[in-house]
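Student: Chain residues, written in single-letter form:
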Amino acid sequence: MKRFERFEIIEALAGSGKTQELMFRFLRLVKSGVDPRTILATTFSRKAAGEIRDRILESIAQAVLDPDAMHQLMQHVPELDDGQVGCEALLRELTSSMHRLNIGTIDSFFVKTAQSFSDALGMTPGWSILDGVHEDEVFSSTVSSLTSDPKNTEQFAKLLRWSKSGAKVPVGKTLREMQRQAYNSVRDTEPSAWLWGKPFNTMNGIDLAKAINTLASCSPSFARHATDLIKAIDKLARCDWKAFVTSGMAKNIRSDKHDYYGNDIESEIVSAMQPLIQHAIGVLANRLLEKNKATHSLMHSLNESWSTAKHEAGLYSFDDVTFRLSFIEVMKNLVELQYRLDSSIDHMLIDEFQDTSLTQWSVLKPIVDEIHQAESDRSLFIVGDVKQSLYGFRGGEPALLRNLPERLDESVTRKLDKSWRCSSPVLHAVNTIFEKVHEAKLLNDYACDAASEWQNDFIHHVSAKPGQVGNAVIQTAGVDPRGLKTELALSIEKVVEIVADIHSHAPTAEIGILVRGNTKQQIQRIVHALRTNEPHAVPASEFGGNPLTDSPAVTVILSALLMADDPGNTVARFHVCSSELGRHLGILWKSDKADETFETVCRTIRRRLNAKGYAEVVSDFAEELIDSVDDRERLRLWQLIEFAESCSKDIGPSNGLRPSEFVKLVKKTQVPDPASSLVQVMTVHKSKGLSFDAVVVCDLNQPIWKAPKAMQLHDDPCQPPTCAGMYAGDTLDKDIPEYKRMREELHTQQVNDALCLLYVAMTRAKHALHMVIPARKSTNHLKKLDGLLLQIIGELQAQDPDKIVWTANGSDPEWYKTFAIPVEEEKPSQIGEVIIRPPKEVACCHGHGIASASPSSLEGGGKIAISERFDGKTNVGFGWGTIVHYWFEQIDWLEGVVPTIESLMVSAPAQDAALLGEKGLREAAVSFTKALRSSALQKLLAKPEGNVSVFNEQAFAVRVEKGTQFAEFTLKEHTDVQGFIDRLVVFYDNEGKPQRAEVIDWKTDSVDSSEIESKKKHYAPQLASYRFAVSKLFGIPMGKISTSLVFVKKSKIVAVA
Amino acid sequence: MNAIQRHFLGWDKPFLPAVAKWLQEHYLDGELASSSKVLVLVSGQEVARKLQNILVGNASANDNAIVPPAIKTTSQCLDRLIDASLQIADSITVQIATASVLREMAHEELYPIVGVRRPHDTDMVAWFALAKQVCSAFSTLSGGGVSSDKTTWPEHAEAVLTDSARQQFDTLHVVQQNLQTQLLKDGLSLLEPSRLLLLDDDKQIDAGEIEHVILVGATDLSGMAVQTVNKLREVGVSIDALVRAPETEQNSFDAHGCVKVSHWLDATIEIPDENIHVAGSPSSQSAAVIRQLDRISDKYTSDQIVIGSTDEKLIPIIQRHLSGHSIKSRFAGGKAAVEMPVVILLQALEKLIATKSFSSYASFIRHPDIAKMLKLKNNTLQALDDYSKQFVPEFVDEIAWQVPGRKIHNIELLITLHKQVFEMLHECNSIQHKRSDILSCAATIRTFLLAVYGGETLDKTDQKLVSLQKVFSIIDTFDATSEHVSEQLGLVDIPTIIHLLVSILEKATIPEYPNPESIETVGWLESMVVDAPCLIVVGMTADLVGGNNPGDVFFPDGLREALGLETVDRRLARDAHAVTAMQQMRNESGDLVWIVGRKNTEGDPLTPSPLLMCCEDAKVLAKRAKRLVVSIEREDPEVPKQFIPEQEGSGIPVPAPSDYMHDPVEKVSVTAIKDFIACPYRFWLKHVLKLRVKEEGGSELDPMLFGSLVHRAVELFGIDTSVRDSEEEQVIYKNVSSCLDEAVQEMFGETVSGAIRIQVELARVRIEEFAKHQAKSAQDGWRILCTEEKHKAKVEVNGTKIEVSGIIDRVDVHQDSGKIRVLDYKTGGPTANGAHYKKQDGMWIDLQLPLYRLLLPKIRKLDSYDKSDANVSLGYFRIGDQESKAGIDLLELPDQAHEGVGAFIDAVLSDIQRGQFGEVPTNPAPKYSDDFAWICQDNSIIDEFEGDN
Ligand code: SF4
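Going down the list, the sequences are from chains A and B.
Our numbering puts the first residue of the first sequence at 1, with every later residue one more than the last.
Our numbering puts the first residue of the second sequence at 1058, with every later residue one more than the last.
Treat the hints as calculated values from the structure; they're not laboratory data.
It is possible that part of the hints are untrue.
Derived coverage of chain B by chain A (criterion: at least 3 residues anywhere in the stretch with Cβ under 8 angstroms from a Cβ of chain A; other residues may be distant) [to be verified]:
no., segment
1, 1103 to 1113
2, 1199 to 1210
3, 1341 to 1354
4, 1511 to 1525
5, 1586 to 1600
6, 1626 to 1637
7, 1969 to 1979
Positions of the beta carbon are idealized from the N, C-alpha and C atoms, including for glycine.
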């Protein structure tokens, strides 16, 4: 049997079955005796993790059931050499430890770890993960606290003015944008990385004026030069330094080209210009340095107030969690780690390693190193593909994967070069493009280096299923002879044409339409165009679903909510009034505002939202619209109800939400629309981990290079940047070396990103791949992905419209003919009417539907006046009551001896005594003894003749049927009444059979004589329930049971009938 | 010491009725006094209630009442034995006192439990949160019968600890000691040490009246309960353990009747395959429930069916489906207290006082209970929106609404409202965000609540009353905070105290009134003891037993194991027994269905519970495993019956203008024309129906308002004849800049938010640009003749007149040539040419500037000027954010454009006048229409050409 490699790195190209590899490795480990708990497997998404968990179990279960499957599995898991027995044992081991498996995303592992280390990390107890909804809230409060500091005002204004977005109006949004671009870079680096560079020398005002004068006094001999000079002086006068140095003669002089429009620039001009050029560069450079400084300081303040705000709210992003873990370095103490996580991490299986960020790596590194250095049998299994590193923008660093073999000596690298997913034509397209990518002329030299490097990582792709039919083409979109349609519109038309064609031939095929980014709402446009395509409408949706607002019926309901919240929102009001819902609510469109019905409707909706929550209200509204909508809309309405029901789980009780906030949530949340889940539109990023029968890639006509906001420079890609700063065009390349290197690095990275993106997009296709590029009259698209494609296939010329430019070998345009239509799964039948019968009689023993009540809850007809009950003064009264009851409980018969005040005070239960305080307690005791001395009580408590028993604080419980009356109180449901009778005296006949009984209830209220009658009425239901209970307990007829109230403070006994 | 008597009551019948029978036969013999000698210990509150119901029900069948025995949960068993002379502090008091004790401690002392970050001294919210965590650690320890002093622990337990854990427990112990000292000042004792005192080896326990203890189905007694039972045995109390299993299983239980963990972890649980169903999303799981109900509806009545869910998040979704099929249901767990209107109100108050933000004010007054008090009307809300939209207030304070210079519709309503609100808040002294002691904060909250709810009289079964009771009882406890604690706690504020109150309520629920016609839905713990014949369990995922308790930094499973606390394995063993018993009980008669969910509410994949994979036979197990991990990628959500009408409808129609009566349009403003050209339908919505979205503004100016501000600043400059002719850039800049400040004052009052202040600075940048170009214009000989000329002109179309009106921002004349230049200020958007005319297809898209020509004759100051086409130029004065977007930008179009403009104007005006608004909106939508997206059903996809601007 072959032992597995302890340190193995798998380079897995797209679709080469890495999930399987992970699974096999997992099974091998467990089969060779490793405790599953000590295996940490991380992957890219929760969905992928779930899939691995499922497949592990499934494969071993299949092996138990089917000998063929077992033999196949044994090839990959040689440890299963004990065959059937071994499989069964492995299955048992796995099924019994499903709840212990550590298979999840890297984020979830970090969260779990951070939870166990919350104390050491200084995290707020009970913290949770910051979601989108709260993030906006916390961020805007951060912005408001940042901006409200007057010190910041000017700096902000300056920065906003400098930043590329110019003096755009929304401050919060701009800050948010800056935060996306520069925040992490500032947080993760030393200040020195941002504060590099020495200021440049510039002229003072007088010298500058002189220099400009000198230039102005030049008189060029050539007309062109003269015009340019005037322009240059104008630019200088306007302080437009950038324009000055990047155009005209100044530009040429700067790049040591001393001629302009064919004539040499006269030396007088050259020497007049030179100081000015230097000045201009100086100003621009200083501005850049200043901007870096300002950005740094702003992001620094933002970091402080933002992390404080998050900390106070007890909410942290995944990023924060990772950052904290890397910062506090809890991972370095492995003993501690093992203690807190309840198991050691002996084996690591890491998937999608190319997307690991430096921060994540710094958390993982100690464990990896430790495993690497361990003597024992601990292992690492790392899977990745640098070609699929799409997460550079989130800090993913593919260099970590590249350098891994070096870091882990003794490690073995295995390449999986067979694709189980893509058909041969698709792979031919992939191979064709990426094996020649370095030949394409990219933007410039260092970009070409990036391409070559990329190509070095590329290995020839082979299909594991050569027989799989497929089709791979590059084709052009149409043109609009009138020139009115944009490139985007035309390429959408093409996409629709292709998709409609495939969909009509292979209606069960999954089709993915991939775009680079959702610029110009192109995803929504494509979805819309497909849905409304005539005559072949294609049910399509955005991947992950669209927000529910894509349903007109849903929006009517949302309008009703908005209208209730903001009665002045006439758009919403009109929207509701013009719909079925408006008719149902009884509101008609009237522009005059004072409308009583409208007023009531709004108020009622607000009240119901508050009391019942959104789901209830939305559900009612939806019912009114059901008859007017089609099947899809009905589903959307139902999804809205479910959304309303579940959203409160994430955001706290939804009924505290303003409708406008609720609507925002709906707008933000994608809800999959199952009717259209076969055809989906998405960005390439989102397509990661997915595959489709056919893929249409459009949106290739975008520049590879895009001006960023911020840049970084890494001396070592696996270390934090040594230099970082804002982007300011290419003007300063020549003058600031650091700046130039940053630009180069960025350029390389962007080329790399673009190629990865293209690679991922292409390799999503199982059968067919269509790459749509615009038809162009010229060849000015070199710097775009479509230009790149054309260069590689050697078609770099103007492209006719509606043409297939290139076809992969072995393509079959009618691939779908053999496309096996999967059998429709049997759909569960529609549920008919379900009627659940009510019980015939209330079950006597299930206790289901039985209410409970205490006798005292019956008093006052079961009603309570809020102001009386909760004014805070009744507590002392309660204490008094309990103590007096306690004292009475100690007395069976009063044989004339009244206890002393002191003895009473000592005997009182501590809890209640504390409530009264020393003074109150004494008062209670005094009042109690006074009552005992009264003739009324003396008589009441004197032992009568005959066979009699007294029961103090007698507990009872009795079932009372629905509809039973206790005085004026009627029970609404079957109720178990249970409580205590203060004092019960039972009189027996000579045979010991109970004859009659007296019920006494002690009352400690202060009462006036005038109030006695009303008090009698108040307490009557309570006493009636005692009578009922006593009659059931002792079998005494009700008529033989007397009930009395004793007002202790008044020493008054009142019989209640 | 007498032995514990174990009694195996079997598991093929409902357990609790069997228990009741056993109790009645053995201890509750009808003697009144016998009950008081018996203490029945059960696993949970719900079981206690059920058992009592059964006892009462049985008696009732014989027309009797009972004297109920004490039925307590095992975790409460000790508490009734605690010396009555000890005054035990309640949990809220303890939490408050703990916070005060923690805060007193230095960072070094606290380091092991707070790490790098000690809460700030005044951050009481954080201290309370920390206190909660610490208190829960104490109670975990005492639940295991373990002290916080680790030196008293068994050796192997101490050995488990790491250095940092050791320090943690040292700190916890110090905290507990300090806490006890603190509480003793008020004569209070701490529950946990008092419990442990009872269990002290050298001490005898005083059992009081109790002679018999009966353990009912207590399969996982806590360490504390075991010790208590043993202590009671020492003093001669008899112990019976009633086990839910047949005699044959006696080796699977220990002497106390608890499950033997190792046995149950390996136990086989036979569940018939047909009882297990797999469903995907929560919605599908709910539909599967309905299917099951459909299947069994003939067999059972509503009271005989219970739906259990292992994930409580599923319950509302299941209930929603049930109600969609008109099936009544009730969640035994009740409604969360924090969802009750009174709690929502308190949180609104918290937010208002803490932030004083305008938006918190707006939501506070909208709370129905407040709105009712204030007699809030729609027009007040509208006025509030108007106000917010115009003034962008970030905060409210007592002098709000005092903005000079601008007129607000219905401002008097707002002033009244404001007075009312502040009077109310003043009355209960709550608006000053002042720190005071906890007692006065509590008093203030009480006053506030009484002001809102004091007038009401409520039924005792009313959920509202129950929620108020819960809230007030917490306030009562706050009220009872002793001086010592309050002093040490220091100053707090109302938001903090409300926060604390709400966090105490977090887990509280308000029970729903029982109804026999409802199907009960319950959580997992209750499912285990349900005795209804039909039980449907939903969920059953591996998360049920879970791994580590998340966030439990003090008790990893290894330590739990060593201390004898509840562990994952123990939970799993307990559940294994429960699943077996649940299944056994319904094997003969009854139905038990397991619906295994594959996805949670977030759509994430779930792993099935190991409990369903305990089959004896390997093949059966393999088949089961395969079935349970079946992949459910795509699923059709099912809509309940009630939401499926007989036939499909035709959809929501887009309202047609022809369905609405309106008079012919008599007036139109020049700026509205472009809306008509872009889309007549949306023009109808915007300018005929005059529909507006009035949302509260944010904390900064939107582009419109920003534009108005800049506009107003340059307008003020244009009015000031003393400087407006200046040719000096600096002079102009200075003047406009001060005009800007004046405009800010005038428009937004004295106090503006920080964001607006920044925006004002950004406006100043634009003004710099303006000054440059204005100076140039003056140097070129242009003089401002007049500004803000508001005029109308009548145009004859279709035989009637339509009035065209507009405000001309500014008219310049050239001092030498007498030429006229009509300028419109623009702070954004395209050039005059681009805005008016689409070159590609030669169409006018706006007529604003050409229409100004109609108004020129109305300007008196121009009377003496030549207003012929040749002498008048039209254009924008752009005040953009970049150099390229600033300056004077004249309308210069090809001749053919000018030729057609007159006819085009007539055509447009004629269409408007005749009400030709089309019946459907233009598609794709022009950009201005986003507000109308829902009415127009355009999915917010706007015309690509306009998308970029
Ligand atoms: S429970 Fe599942 S298998 Fe049974 S009828 Fe319903 S959907 Fe079909």
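Student: Please count how many residues of the segment 1586 to 1600 of chain B have a CB within 8 angstroms of a CB from chain A and say whether that reaches 3.
Tutor: holds (count 4)
Student: Verify this for me: three or more residues of the segment 1626 to 1637 of chain B with a beta carbon less than 8 angstroms from a beta carbon of chain A.
Tutor: Since three or more residues must qualify, the claim that chain A covers the segment 1626 to 1637 of chain B is violated, with 1 doing so at under 8 angstroms.
Student: Examine the segment 1341 to 1354 of chain B for residues whose CB is less than 8 angstroms from any CB of chain A, and state whether their number is three or more.
Tutor: Since 6 is at least three, the answer is holds.
Student: Checking C-beta pairs, does the segment 1103 to 1113 of chain B have three or more residues closer than 8 angstroms to chain A?
Tutor: Holds, because 7 residues of the segment 1103 to 1113 of chain B bring their Cβ atoms closer than 8 angstroms to Cβ atoms of chain A.
Student: Check whether three or more residues of the segment 1199 to 1210 of chain B sit with their beta carbon closer than 8 angstroms to a beta carbon of chain A.
Tutor: violated (count 0)
Student: Holds or violated: the segment 1969 to 1979 of chain B covered by chain A, criterion of 3 or more residues with Cβ-Cβ distance under 8 angstroms?
Tutor: violated (count 0)
Student: Three residues minimum, CB to CB under 8 angstroms: does the segment 1511 to 1525 of chain B make the cut for coverage by chain A? Let me know.
Tutor: Holds, because 10 residues of the segment 1511 to 1525 of chain B bring their Cβ atoms closer than 8 angstroms to Cβ atoms of chain A.
In summary, the structure is inconsistent with hints 2, 6 and 7 from the numbered list given earlier, while agreeing with the others.
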